[in-house]
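Work out the full structure, taking the sequences as your base and the hints as a guide.
Chains as they are written, first to last, in my numbering: chain Z, 1 to 343; chain C, 1 to 343; chain V, 1 to 343.
Zero decoy hints are in this set.
To be clear about the criterion: a stretch of chain C counts as covered by chain V if any three or more of its residues have a C-beta under 8 angstroms from a C-beta of chain V, and this derived list gives those stretches: (1) 237-243; (2) 248-262; (3) 332-339.
In silico contact screen, one side only, chain V against chain C (beta carbon under 7 angstroms); selected entries: (4) V28; (5) S80; (6) A87; (7) E88; (8) A140; (9) H141; (10) S159; (11) N215; (12) G231; (13) A254; (14) Q255; (15) G272; (16) Q273; (17) L338.
No lab work stands behind these hints, which were simulated from the structure alone. By construction, the Cβ of each residue, glycine as well, lies at the ideal position given by its N, Cα and C atoms.
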Amino acid sequence: MKSFTLEELAKRVGATLMGDGSMRISGVDTLDEASENDASFLANIRYREAMKTSKAGVICIDTETEPLDGKQYLISKDPSRAFQIIAELLRSSRESTAFTGIHPTAVIDPTATIGKDVNIGPFVVIDKKAVIGDRTTISAHSFIGTSVTLGTDCHIYPSCTIREECQLGNRVILQSGCVIGSCGFGYIMDEKGCHRKLEQLGHVVLEDDVEIGANATIDRARFKKTIICQGTKIDNLVQIAHNAEIGAHNILAAQTGVAGSAKTGHHVMMGGQVGVLGHVTVDDYTMVATRSGISKSLKTGKYRGSPAIPIPEYNRQEVHVRKLKEYAERLKTLENKLANLPK
Amino acid sequence: MKSFTLEELAKRVGATLMGDGSMRISGVDTLDEASENDASFLANIRYREAMKTSKAGVICIDTETEPLDGKQYLISKDPSRAFQIIAELLRSSRESTAFTGIHPTAVIDPTATIGKDVNIGPFVVIDKKAVIGDRTTISAHSFIGTSVTLGTDCHIYPSCTIREECQLGNRVILQSGCVIGSCGFGYIMDEKGCHRKLEQLGHVVLEDDVEIGANATIDRARFKKTIICQGTKIDNLVQIAHNAEIGAHNILAAQTGVAGSAKTGHHVMMGGQVGVLGHVTVDDYTMVATRSGISKSLKTGKYRGSPAIPIPEYNRQEVHVRKLKEYAERLKTLENKLANLPK
Amino acid sequence: MKSFTLEELAKRVGATLMGDGSMRISGVDTLDEASENDASFLANIRYREAMKTSKAGVICIDTETEPLDGKQYLISKDPSRAFQIIAELLRSSRESTAFTGIHPTAVIDPTATIGKDVNIGPFVVIDKKAVIGDRTTISAHSFIGTSVTLGTDCHIYPSCTIREECQLGNRVILQSGCVIGSCGFGYIMDEKGCHRKLEQLGHVVLEDDVEIGANATIDRARFKKTIICQGTKIDNLVQIAHNAEIGAHNILAAQTGVAGSAKTGHHVMMGGQVGVLGHVTVDDYTMVATRSGISKSLKTGKYRGSPAIPIPEYNRQEVHVRKLKEYAERLKTLENKLANLPK
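Structure, rendered in structure tokens:
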């Protein structure tokens, strides 16, 4: 593995070095886990204690933080960013893929438009009239349907499926196995009690800087579009149903499910395994704790529980539920006292 | 995009036109969202208010519904069906896939039997003695295992896996990424505390008109079969474990999980993120609300909660839980009163 | 289908036969479901009643179990193991895949190292410097990233993705569609309120005898590694987040999710749809019931509920919740009595 001296790192990240410029760093890790060959960082003063005991070779801190004796520092305005740059430097020095450029096994329809400096891996399939933006990478076994458009600088990991007519913006990342544009789950029951499929004629829009997790599924709309707005990050195994509108800069953690036609504002955050009922609206900046169930529209706030209620209310309710045994005993005591009152 | 005049649409769907036969329709949408180029429909008199304000170019209604002035109508016995036909007409006019017929890159074992008018996409793999029925489509990157049988008119979307010996009926639809016939999750612990795999010797049967969602998983049985009966629709990311028997015409919404050897009757409906414990039975026509946990067998009815209880009971319980703070205060008040009684 | 005589089976499993050695067995099933051509077994004396009514052609029992008249037995020390051997004998007699050896369509980088007697299916992709151990099978459409190592006797089912640098031990089984080494879900918010991706520089380690279910996802670590220790079995659609450490010989049932940096001891068991919060620790031999939510570290024990609490406590709480209606009525009665007391 490649390594960098502290002097090189200070230059690359634009930080002031406090320590031995000739020391070499070959990895990155958290304060707790870092060894003497690792860089680490203090993002939050709460972790100051961890800094004291850390064995990291160098620690990125901000200009407000007081350095400790016997440790080495890279001091800058934004230590998270400094650390991020180091992490990426070390990453770029790793072994890369053999599959750059357009692999001869890829099947690309002649009506598709392929941008400049595109990478298309082995066994990729690109259907009619698809448009692939400049510098986009489509890895092995991925499928790009008819009339799909991908912007520039996208990264499609192996085995993704993007069905016909879906539109991806710039810098979109799809983790392996995710499915964009599967049919929405819509049926009408006929006179014999059979569910007849409602054709799902719409598509999916993923705006700029969206990331979709491994094996997540985003259904196409029945009409018009299912949309994930810019900058939103969706984790593994999440389900987004037809006609849902997920606002900008949302974070939806793993295994969360959003039912049909639900809408979220911008900067909404949901923990893992949350469920959102169809047709509800979740306002901007709302935070929803893991495993919550959203059964009605939510105003901006912090929620927990199933059905989800404001967190302070949830906490009070939890205390009361835990005290139920005590309440039942006190109730019995009162009944006995009252029964034994002199008439 | 292709378009149709109202006169053409009236003929195609067998409806009576009320309006200008030369007007053109190029899309479909709900009453709320439709523009003047869209067809829409009124399926339920509850939405009559939406019809008043709709901008739809034409609205499908039934013969009982009173038309409003200034709007155009296609009047028939079954407006949902009329609308569905229009939706499908418009769909078939869209750009199609380049991959019809049998793609030269597909790897098909010579012992496999391929029906008439079958489509097999790029990089499809078909193993020994598989049988593919007439007019079935198998899209790119799908895998059909040894001795698998597919009926007629099936549609297998890209990247599905159907493992050896599974049997699919006619008109079965598999959304992308679903896995049919993965090994059931069965182990026995040996004397050293290690879990030894129990070979899963059975298979999976999907009867006629079954649809399985994107990235859903249906495990093969340990012996005999896991079965999904005719007409049942299963949504994305659902898990059906080994030896489960899902009855006919069920609807199981996204991220629901059914454990081993559980059975459902016919016309059972489950919301999203429901969990069904192993070996329980759910009777015909039972409806289970989203996020419920079924921990014992259920008679026909409507259920909610985890563990799932009848909905009226669930609602009462919820009210009491929300009132716990009040109850605790009333308890305290009583205790104080009793303590202050004159002796 | 091949079949075996009882005499042959007795020899193969090392059991004493009680019955007609010339009778033939062609299948295996549970006591309840077995027909006269099936072998079955009694693993637990609790199922003795099922043995009485079973139609199985032969039943594997241990030396302690008293045989019943009119039935045939294979008597050994470990009837589960005897039955398992019979099941595997019957399995190996089924039709096999056409794709043994290295398929000519596979794309294998010349810098990869391929062991002896390896099977590589159609359209498999193996990137730079990957190492594949002896007798390992990689089925159709699977992707093996740069510098990945696979041990000996692994079985990778169709359409798996193993991203760069992940390390798999010996006898690892991956069910179809699972993704090993997808990017961990980590972002930092910049000054404009945008989530910037934190590069995930680590990898995933799956130790010997690990099995991962269909469409399950195991994220790579931000630094260092996400690890699943030896002998652990993970079911379909499970999510393991970055930097998690799953101990040895765990059983995690379907749709369970483990958040970042959580740790489990050895021999932990979790039912389906369980959620584990980030950074918590679950001690050795802990059992967690289906649909539980683990929100803090757990000492060895049995837990249920969300948040998960010890099972006896959970059961008591459930009883109190169900009695809330009664408590509310008793409270009202007390209030009335007290109001009606003579002054």
